[in-house]
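Asks: The chain contents come next:
Number of protein chains: 2
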Amino acid sequence: MDNNNTQPDAPRAMRELIPEPALRRLPWYLAYVSTLKARGVAYVSSTTISREINVDASQIAKDLSFINIKGKTRIGYEVEELEKRLSSFLGFNREHNAVMIGVGSLGAALIADSGLQRYGLDIVAGFDIKPELVGNTIAGVPIYDMARFGELRSRLGAEIAIVAVPVDAAQHVADTLIAHGIKALWNFTPSRLRAPEGIVIENTSIYAHLAVIYNCLAK
Amino acid sequence: MDNNNTQPDAPRAMRELIPEPALRRLPWYLAYVSTLKARGVAYVSSTTISREINVDASQIAKDLSFINIKGKTRIGYEVEELEKRLSSFLGFNREHNAVMIGVGSLGAALIADSGLQRYGLDIVAGFDIKPELVGNTIAGVPIYDMARFGELRSRLGAEIAIVAVPVDAAQHVADTLIAHGIKALWNFTPSRLRAPEGIVIENTSIYAHLAVIYNCLAK
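Residue numbers (the working numbering), protein chains in the order written: chain A, 161 to 379; chain B, 161 to 379.
For the record, the hints were derived by calculation from the structure and aren't laboratory data.
Hints are not guaranteed to be accurate.
Same chains, same names: a pair is fine if it fits in one copy or spans any two.
Unchecked claim - List of simulated lysine-lysine pairs, DSSO-like, C-alpha gap at most 27 Å:
#, residue 1, residue 2
1, K222, K244
2, K197, K290
3, K197, K230
4, K343, K379
5, K222, K379
6, K379, K244
7, K379, K230
If we strip away everything but chain A, and leave its shape as in the complex, we get (with noise of 0.2 Å):
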């Protein structure tokens, strides 16, 4: 068990252990949670919790149990322990740098959310290849020739790129990205991406949401 830092990570067999869909709820949880604290709550059922956010009750009891915190009979979760539980055990209360793959109207937009940043990630880096954007800063972050991505990724210290290129350049770019050491590609183009097992791949879609919300309106 790793307890020897301020702000421990989860022990590496409890990460292992969470199922995807039970870590993708988690931060419904948090943000609902989050509210409570902010309105001087004390505690939690689960029972309430479901009510809120439209998932079962032992759903609800079943996740969180995975971060190893177990509600009182009667009087539910400490809502302070359990919001504190899960940003740490989601990793959002620790600083992850990323680097911005594509500052064009997308990108720029990413780099300029504050919001991220509340959510643990920094971006300390954005890069591309038109020789206009390299050079400037966008809220204070330096835009970088993608030319000069090699050098200057371990320096970043950045394992993760979101990547917000043009669809033609997606592929290549995540090869690229890659072969200089990134773990973890957030995709915000249309493109499916290929990578080799053990990297991460997070796809937005933003088009798959815009695609079911025209054809329900169609209907």
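Assemble the complex: chain A is given as a structure, and chain B must be docked to it using the hints.
Replies: Below, chain B alone, put in the same frame as chain A:
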């Protein structure tokens, strides 16, 4: 069959037939086919698409059958036709008016991202409660007081609302939007929103993506 305008909607029956997972894959095919079109490629087989985006060729052929397009034996799909059909079926080549609710750092960034417009999303107005934001424009888009939402919604012709408000306001705001005629919510908050039957809610789950990335990197 609705064939009497220049950019026909997919027929209602066809829209209702397509399963959601298939619908969510179509934008991947479109993204890839667009790059082929830009490179002047005339035909593509499902095998080639499969290799490129890592979906079974048989699955691709099945998904594409929902949009009523069939490949020719030994030649494959006609790229230009496939691109047009996909774009039209997905509704990306028509304008859909949307409003941005909450024009803080993320909301403002999304308004400024001109990329969404290329996928048919036209953000026609923003709403906020902060007096210092109301009356401004962002990238030419006017920002109104949230208190005027009921009065302005139908005039703006928007059925889609993009929600980027603070967590503790999210559900209340969603209820207000729905009460005033919004049919689809694109949720960028970490909250899980509740809505009556018939209202579309798409969650971007930015925070779930970060949770998965951090968790995988910590392993």
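Asks: Hints first: check each against the structure and report whether it holds.
Replies: Against the structure, the hints come out as follows:
| no. | hint | verdict |
| --- | --- | --- |
| 1 | K222 <-> K244 | within (18 Å within a copy, 46 Å between copies) |
| 2 | K197 <-> K290 | between (45 Å within a copy, 23 Å between copies) |
| 3 | K197 <-> K230 | within (18 Å within a copy, 56 Å between copies) |
| 4 | K343 <-> K379 | between (41 Å within a copy, 12 Å between copies) |
| 5 | K222 <-> K379 | between (37 Å within a copy, 21 Å between copies) |
| 6 | K379 <-> K244 | between (43 Å within a copy, 21 Å between copies) |
| 7 | K379 <-> K230 | between (44 Å within a copy, 24 Å between copies) |
Comparing the model with each earlier hint shows no violations; every hint is respected.
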